[in-house]
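When you get a sec, could you build the whole thing from the sequences and use the hints?
Chains as they are written, first to last, in our numbering: chain C, 1 to 564; chain G, 1 to 298; chain E, 1 to 351.
Keep in mind that the hints were calculated from the coordinates and are not lab data.
None of the values given here were measured: they were computed from a predicted structure.
Beta carbons are placed, not taken as given, at the ideal position from N, Cα and C, and that holds for glycine.
Be aware that one or more of the hints could be misleading.
[What the hints assert, rightly or not] Here are some chain C residues pointing at chain G (derived, C-beta under 8 Å):
(1) Asn294
(2) Thr314
(3) Pro355
[As the list claims (entries may be wrong)] So the derived label-pair ranges between C-beta atoms look like this:
(4) C:Thr403 <-> G:Tyr167: 34 to 44 Å
(5) G:Ile120 <-> C:Thr342: 38 to 48 Å
(6) G:Gln125 <-> C:Gly340: 21 to 31 Å
(7) C:His187 <-> G:Ala283: 25 to 35 Å
[Stated by the list, open to error] Just some of the chain C residues that point at chain G, by a computed CB distance under 8 Å:
(8) Gly77
(9) Ser321
(10) Met323
(11) Thr342
(12) Ala343
(13) His353
(14) Glu356
(15) Gly359
(16) Leu360
(17) Asn363
(18) Arg371
(19) Leu372
(20) Ser374
(21) Asn375
(22) Ser376
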Amino acid sequence: MLRVRDVTVRFGGIVALDGVSLDLNRGEILGLIGPNGAGKTTLFNCISGVIRPDQGSMFFEGRSLKFAPPHERARRGIARTFQNLQLWGSMTVQENLTVPMDALGGRNTFSDALHLPFSTYAERASSERARAILHVLELDDYARTLAGDLPAGIQRRVEIARALAGRPQLLLLDEPAAGLDARETGHLAELLHTVRERFHVSMLLVDHDMSLVLPVSDYVYVLDFGKVLAKGRPSAIQNDPKVIAAYLGDESSKESNKSRDVVAMPRRKDEAPLLEVKQLAAGYGHLEVIRDVNLAVRPGEVVACIGANGAGKTTTLRAISGMIRPRSGTVTFDGRDITGKTAEHISRQGLIHIPEGRGLFPNLSVEDTLRLVSNSIGKEPDLATAYRLFPKLKERRHQAVGTLSGGEQQMVALARAVLARPQLVMVDEMSQGLAPTVVRQLFDIIRMMRDEGIAVLIVEQFVDSALEVADRAYVFEHGTIGHSGSAAELRADRKLISGSYLGSAVDVVAASNGNGHHADPALMEVVSVKLPAKLKRTLEERAEREGRPTGAVVMELLEGVKRV
Amino acid sequence: MATFAAYTIIGLSVGGVYALAALGIVLIYRTTGVLNFAHGAMGMFSTFVAWQIFYGMAHPYWPQWLATAIAIIAGLVFAALLGLFLDLAVFRWVRTRPPVVKAVITIGILLTLQATASLIWKNNQYHLSIYVLPKDWVANIADVPVGANSIAIIVVALGLAFGLAAYLRYTAFGRSMRAVSDSPTAASLWAVPVGRVSAVSWMLGSLIAAVAGILITPFINFDTTSLTLLIVDALAAALIGGMVSLPLTVLGGFILGLLETYPTIWIQSLGFPRLVALVVILAVLIVRNPRGLTAVSR
Amino acid sequence: MTWSSRLTVRVLLALLAFAVLARLPAGLDIGFQFDAELAVVWGFGILSLVLLTGYVGQVSLCQATFAGVGAYAAGMMVSTYHVSYLIAVAVAVLAAFALGVVVGLPALRLSGITLAIVTLGIALVFDRYVFQDAAFAWFTGGSGGWRVDGARMFGVQMDSSKHLLAAYVLLVGLFCLVALLMVNLHDSGAGRRFRAIRDSELAASTMGVNLTRYKLLAFGMSAAIAGLGGSFYPLVAGSVSPQPFWLFTSLQLAAIAVLMGVRYVPAAALGGVFMAFVPDVLTRFGHGNVGRYSYDISFDWFQIAVGVLLIIQLILMPDGVWGDLRGRIAHAAAHAKSAARAVAKGRVRVA
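This is the structure we're talking about:
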């Protein structure tokens, strides 16, 4: 149904998608997973027509999608939801649904304004259909509520309902579980199955939450750095070493670094915490992202925050550093209450936050950026120290930060942390989008900072590396802290960690048995050119295993059936 | 071809006016993210203050040059205070709002300043006798008499452009200003005093508007509306410069001046140059947005 | 309330408004009667902004220009071609519509501030060039503008001083009609598509709304509405000149529209009245003596007030006077309803 071939998208110097090819068959739910920045939303934007790819082609139902503007693609049957919720907030839920219905059904503006009989009739038909869709998605109660007034979980469902309103053949779901807790996510998974049954729609699903993607999908593609890293059945993907490495960090380095821990300096466990967070709750607009978060960081400690995306790690850091105002709870730093203070103030107290995306200034040169540290310490910083630690930065000191590679940018951020002589540094997703070797270098810097007496709070996707360098860790789950303990304890509990990231294999199998879409090639009775998706996949895999073309396998099976 | 050179000179003089007017707009936009529709009005008001002081100091008691100097200084001081006031009273509270809202606020400021000026100084045409350089100093370039004040405009425009660019590049505060314009949130995480930077940005912008006003008014009608309306041409020049680079903005001003002057070789029309300006704005804007409608930024 | 009953209510309200407004200036002197007509002309201008900015979310700072085009077109049709005034109005509206579509073309690529700058540029071009240059004298009637003494409508000679009231009634009737159509449009399918563009263009286009078609339509319709109001200006004032339609009027229209609430039709009526009456009232009653001091409140004070109010309002109440009022009433009603429901259910939901 959907064929994507060699799509490449470049934004300035960054390659967002690199020769991505993808196939989606009718009736399938295709899952698309990958670490942050892997290019998933960009791919969606290409398919829905918002961005034009620099290279490559896309075919939907046999027709090329080139030159088709977004509304034309909607007309052909492609609908989507948005990661950051693009509902029409000033209209009711029902109105949100009728817009695509009308737009794709052809209505006349003048007859609308004059309320000619045709318009009134069409209106009634639209509202009835809308209500039917709302019923399937259990949104009946909200039909007349303004979309902007709804809580996030409901809004996500409304987006799906709206996308279905236009009778699409293909539904693109962009992070539908973002901001949902465990219960709501489970509910969503069931909902997606229902949607497929009732609306006969194929889906392309992108999300970070494995507990949603793996049980729901028939087939999964894994993206990393804009390339397709792996593809296969959910169970296969879960155990694929390449995928595990991309998500959990480099396994191979584990061995060599084990010895380091023994040499670590003993920490005084009873020292008063430098940073103390109690019952913190915060969010954005209507979304409450974190609730009842409690953590502490002692002087000279390295503490890690790990957990799946959307679990609330970044929001917690932002609430601590003053980027967003906490809704409730307290934050105490160095004995002083800093809850709700401005970021400037907190930064000057000696608590530095390096946010996701590094919080740098794209148009400033490296040296100019480092010189900004004078705002924190009140005098010109000693740039020589920074350059000694990061010789690469010295080479590029007049280059604009925006043009540096990800690793170099991270070095700038860390260099600032060193120069400003803080008491605590919070680093969010330091290794995002970086190659493992660079990541290792950066983690060495963290160790060095710890040795200098600076406490570090890191948020990481790469669990292994994080646990190696950390003394303690907190595991975030769905907006609050699930587990915590010393790094050693958590490292031993591998199942715990992969469980919360990739979902357990047991869950996947159980879920797929309940799908009802069994593919049993031996029982194939009807010969038709259009094969059910699952069947096709099975045949393709078998063909690959046996090293033969798929057609040959099919013919062989047909021969077998005929003879019977 | 002598005519051509003459037109070029005229075009450059006109362009200098635009360049000077556009500089302040780009500076404010770069440092505060606000497109200041009231820029001309601010300059106009400060210029009137200077003029009022100048007139108030009856000559021949005071020597001409001293009166001029005091008037100009008074005008600049007022401009700085005006900028500070606007930042504290208005823009401080809307830092997080979308740019459109902030721009509409400047329209409100424009209306207010305009009407206040009209209230004080009525709708009369005045003759501004503040000449920074003596009126009768004239140079002859390519057989065209060019007033010293015209040259002054070009010199000041270039000087300010490069001076400000250098200030932004090489001084600590200039760095802070650039940081705030790149990302106010990141800047506050770096302990940059965002409030202070914003106030200084507005004061500086207002000062430049005043400088532009004082230098330009001898060449246009001196009333409460002409300078305000210069905003459109200034915007055109700023857009040519991409709203980013100060030296490019000055270049944009010159280009616009030339574009508006050359057609008059063939077509004698008062309004036609305005059409040129508009077409240029449109062309520049559309060429710069190749991705079209819903261009998504990462 | 069902669809058709809501429609009936609206029609009744429109008729009622018409009846009231039509009678209103009967007792006033001629100066205020003139103001009343002007109020409707500017009311159309603000109404056009309600459609373009309030419903569709597109910024435009040249609405007075569209009105001016309507005025000049009507004047030209009457003075040069001696047609009935109604035909002149029709032509004027079409001309304005066409110009609106042309202006809308840049809007397909631009939005927000850049669009504002472009419309500003257009307003200035028309101010300085089209409305004043000799090349367009066929359209503008030269530096003197058109005089429409000989205007005929329904076979009756319309002379601005004698039939002032009749012209006013016609204007108010048209205003109520257009207002009614707009309110209906708001709730209709097309209106929803417009609002979808305003709330999220991205979602609108990927959900099947043809952005090109609807944006151009919005600009055209908006210009036509402004042009409709402007086309009656020659009848009201007796002549056309560029001054009433210059840039500052466009800015004032935008400012007052935002002040009153750019998303609501009644705001247009309020705004029109505000724009036309307040300056005149100030001129007439705005000077006198209090004790030893004599004061003189002129038009400038009006503009200052508009500017300051606009700034304050944008900082505090983004929805405008009418919008804010409406919002408060709605909020209070909603609170009352949900409180009643909670009491009825006998339990309170834990947050």
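For each hint, the structure was consulted:
Using the Cβ-Cβ criterion of 8 Å, the hint placing Asn294 of chain C at the interface with chain G is not satisfied: the shortest such distance is roughly 24 Å. Taking 8 Å as the C-beta cut-off, the interface hint given for Thr314 of chain C is violated, the closest approach to chain G being about 13 Å. Because the beta carbon of Pro355 of chain C sits about 7 Å from the nearest beta carbon in chain G, less than 8 Å, this interface hint is met. Separated by about 23 Å at the C-beta atoms, Thr403 of chain C and Tyr167 of chain G break the suggested range of 34 to 44 Å.
Separated by about 39 Å at the C-beta atoms, Ile120 of chain G and Thr342 of chain C satisfy the suggested range of 38 to 48 Å. Restraint check, Gln125 of chain G to Gly340 of chain C: a C-beta distance of roughly 55 Å breaks the suggested window 21 to 31 Å. Separation of His187 of chain C from Ala283 of chain G is about 53 Å and departs from the stated range, judged on CB atoms against 25 to 35 Å. Given the 8 Å rule on beta carbons, the hint for Gly77 of chain C is violated: about 20 Å separates it from the nearest Cβ of chain G.
A hinted interface residue such as Ser321 of chain C counts as satisfied when its beta carbon comes closer than 8 Å to some beta carbon of chain G; here the least separation is about 7 Å, so the hint holds. At its closest, the beta carbon of Met323 of chain C sits 6 Å from a beta carbon of chain G; the interface hint therefore holds under the 8 Å criterion. Hint on Thr342 of chain C holds. Least Cβ distance to chain G is approximately 7 Å, under the 8 Å limit. Hint on Ala343 of chain C holds. Least Cβ distance to chain G is approximately 4 Å, under the 8 Å limit.
Given the 8 Å rule on beta carbons, the hint for His353 of chain C holds: about 5 Å separates it from the nearest Cβ of chain G. Taking 8 Å as the C-beta cut-off, the interface hint given for Glu356 of chain C is violated, the closest approach to chain G being about 11 Å. Taking 8 Å as the C-beta cut-off, the interface hint given for Gly359 of chain C holds, the closest approach to chain G being about 4 Å. This hint holds: Leu360 of chain C has a C-beta 7 Å from the nearest C-beta of chain G, less than the 8 Å allowed.
The interface hint given for Asn363 of chain C is met, as the beta carbon of that residue sits about 5 Å from the closest beta carbon of chain G, less than 8 Å. Against a cut-off of 8 Å between C-beta atoms, the interface hint on Arg371 of chain C holds, since the closest Cβ of chain G lies about 6 Å away. This hint holds: Leu372 of chain C has a C-beta 5 Å from the nearest C-beta of chain G, less than the 8 Å allowed. The criterion of a C-beta within 8 Å of any C-beta in chain G is met by Ser374 of chain C, whose closest approach is roughly 6 Å, and the hint holds.
Interface hint at Asn375 of chain C: satisfied, since its Cβ lies 4 Å from the closest Cβ of chain G, which is below the 8 Å cut-off. Against a cut-off of 8 Å between C-beta atoms, the interface hint on Ser376 of chain C holds, since the closest Cβ of chain G lies about 4 Å away.
The structure is inconsistent with the numbered hints 1, 2, 4, 6, 7, 8 and 14, although it conforms to all the rest.
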